[in-house]
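Participant: So the chains spell out like this:
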Amino acid sequence: MNIYLDSLTTALQLIITADAVLLEIISLSLRVSLSALALSCIFGITLGTMLAIRSFRGRGVIISIVNAMMGLPPVVVGLIVYLHLSRSGPLGWMGLLYTPSAMIIAQIILITPIIIALTCQMIEDLHEDYRDLFASLSVSRLSAIKAYIIDARYSLLTVILAGFGRAISEVGAVIIVGGNIDHLTRVMTTTIALETSKGELALALALGAILLAMAMAVNLAATWLKHLAKRRAYA
Amino acid sequence: MPNSLLPITAHQVSIIRKGRRLLNSLDLTITNPGITMIMGPNGAGKSLLLRCLHGLISSDEGEIHFGQKPMEAKIRYRQSMVFQSPTLLRRSVYANLAFVLKDRRMFDPAKIDHALNMVGLTHLATQSARLLSGGEKQRLVLARALLTDPDMLFLDEATSNLDPASTKIIEDILRKVSQASTKIIAITHDLGQAKRLADTIVFMHQGRVCEQTPSDAFFDQPISKEARAFLKGDLLL
Ligand SMILES: Nc1ncnc2c1ncn2[C@@H]1O[C@H](COP(=O)(O)OP(=O)(O)O)[C@@H](O)[C@H]1O
Ligand SMILES: [Mg+2]
Chain A
1 MNIYLDSLTT ALQLIITADA VLLEIISLSL RVSLSALALS CIFGITLGTM
51 LAIRSFRGRG VIISIVNAMM GLPPVVVGLI VYLHLSRSGP LGWMGLLYTP
101 SAMIIAQIIL ITPIIIALTC QMIEDLHEDY RDLFASLSVS RLSAIKAYII
151 DARYSLLTVI LAGFGRAISE VGAVIIVGGN IDHLTRVMTT TIALETSKGE
201 LALALALGAI LLAMAMAVNL AATWLKHLAK RRAYA
Chain B
236 MPNSLLPITA HQVSIIRKGR RLLNSLDLTI TNPGITMIMG PNGAGKSLLL
286 RCLHGLISSD EGEIHFGQKP MEAKIRYRQS MVFQSPTLLR RSVYANLAFV
336 LKDRRMFDPA KIDHALNMVG LTHLATQSAR LLSGGEKQRL VLARALLTDP
386 DMLFLDEATS NLDPASTKII EDILRKVSQA STKIIAITHD LGQAKRLADT
436 IVFMHQGRVC EQTPSDAFFD QPISKEARAF LKGDLLL
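Line order of the protein sequences matches chains A and B.
First residue of the first sequence: 1, per the numbering used here; consecutive thereafter.
First residue of the second sequence: 236, per the numbering used here; consecutive thereafter.
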């Protein structure tokens, strides 16, 4: 009972005093996940949009593969990235293993399929609606893509939030390729795992609370966006 | 100024899907300006013909010419189409109009103001287009279709389900633009509207044109037995 209460009070203290270690870990987490998110969105939204509006042979196969990749187990992704980045691996010369870059790469592989698949669904619906109009107006493909992305903006924001949620809360892949090195590759989830296993519950609890708050904020934002989109009849 | 997209000639045009000849060796020549209305029972192929004339689908057989030139992308550029169910961008009324002009690099706020005024939507310019009423939506898509000053305007049942006021606004606009040399080809099921607006009636049945007759003569005494049956209300599908 004492450990329980002590941990809680210390955790609270860490948060309230904006403890330096805590902040460092949070800031690295955000840097890694937001970088991965930004790059994934650039690829994912572009590819998802192309996939939604172009018809070509093998499109169905690609969509199936992307959908399957949405369910990739993070530890397996971590393992694959590890194999490639380890010193004897094909990309070993880059010296990226156990760096934030390695974690970013792993998270990109995890969330890009999600961004592609969800974007593809959203844009497909819109394309169904706009296709005749755009053909009638002789709208160029580039303008059409721009219009799809602009008009799907609320849905795409929820897609981005989903990607962020997955990236920030993922632990299996980043612990393998990041190595959970103090001051270098310790992010929120890996620290929680490590500290808990060491029995140091205070830091774990503080980080857990913040992670939970972030997840809830993301969910709230997504709900609010859906509501806003509906109210403005953009949905 | 003569309309450069006239005459329209469709020669032996067929559209075949799963062995069915949806348009069946259709022949049609339209030489006169003004308003041509296409009538005929459901499933006659009216919408398909319009899509074909607008180049949205290509025919499996036959040829279509506008002013002696074969159908091509440049010709569609000078046509506009209003679809049966109004497609609106998920944007404001104003942005729906601006989109078309910006895409053609001829954005001009005065043109948009004029278009809004023409269809009586100025007070709704900033509203989300998808929140408009049915009649307002149809007026907006008509204004959008006319923004590019098309030489030819296709309408697929553009005034079905509208109240008399919206219908009148749309009919007045159509009359005006046709007098200003835009050729109008419209599908309608509304006999009253056809009588009010049409110069010529094209009557279709089972993927073919049965007859093409000046409007007065058509309603007085249609030539084909299909059209006679249609007007009497006992058509044969
Ligand atoms: N893409 C398509 N594939 C198969 N059949 C179609 C297709 N489009 C239209 N049809 C059929 O073609 C016929 C004519 O359709 P349409 O031109 O829409 O008729 P309408 O004269 O009522 O406008 C209908 O029987 C319809 O079911
Ligand atoms: Mg139709």
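No lab work stands behind these hints: they were computed from the structure.
Don't take every hint at face value.
To be verified - Distance ranges between label pairs, derived from CB positions:
hint: 1; chain 1: A; residue 1: 121; chain 2: B; residue 2: 239; range: 38 to 48 Å
hint: 2; chain 1: A; residue 1: 228; chain 2: B; residue 2: 254; range: 16 to 26 Å
hint: 3; chain 1: A; residue 1: 55; chain 2: B; residue 2: 247; range: 28 to 38 Å
hint: 4; chain 1: B; residue 1: 293; chain 2: A; residue 2: 146; range: 56 to 66 Å
hint: 5; chain 1: A; residue 1: 232; chain 2: B; residue 2: 460; range: 48 to 58 Å
hint: 6; chain 1: A; residue 1: 125; chain 2: B; residue 2: 362; range: 35 to 45 Å
hint: 7; chain 1: A; residue 1: 95; chain 2: B; residue 2: 361; range: 52 to 62 Å
hint: 8; chain 1: B; residue 1: 295; chain 2: A; residue 2: 86; range: 38 to 48 Å
hint: 9; chain 1: A; residue 1: 146; chain 2: B; residue 2: 295; range: 49 to 59 Å
hint: 10; chain 1: A; residue 1: 184; chain 2: B; residue 2: 312; range: 57 to 67 Å
hint: 11; chain 1: B; residue 1: 259; chain 2: A; residue 2: 220; range: 16 to 26 Å
hint: 12; chain 1: B; residue 1: 427; chain 2: A; residue 2: 228; range: 42 to 52 Å
Said to hold, decoys possible - Derived pair list, reagent style BS3-like, types lysine-lysine, alpha-carbon separation capped at 27 Å:
hint: 13; chain 1: B; residue 1: 304; chain 2: B; residue 2: 403
hint: 14; chain 1: A; residue 1: 146; chain 2: B; residue 2: 403
hint: 15; chain 1: A; residue 1: 146; chain 2: B; residue 2: 430
hint: 16; chain 1: B; residue 1: 346; chain 2: B; residue 2: 309
hint: 17; chain 1: A; residue 1: 230; chain 2: A; residue 2: 146
hint: 18; chain 1: B; residue 1: 430; chain 2: B; residue 2: 467
hint: 19; chain 1: A; residue 1: 146; chain 2: B; residue 2: 309
hint: 20; chain 1: B; residue 1: 430; chain 2: B; residue 2: 411
hint: 21; chain 1: B; residue 1: 346; chain 2: B; residue 2: 403
Glycine included, every Cβ here is placed at the ideal spot set by N, Cα and C.
Participant: Report the numbers of all earlier hints that the structure fails to satisfy, in ascending order.
Facilitator: 2, 4, 6, 8, 9, 11, 13, 14 and 15
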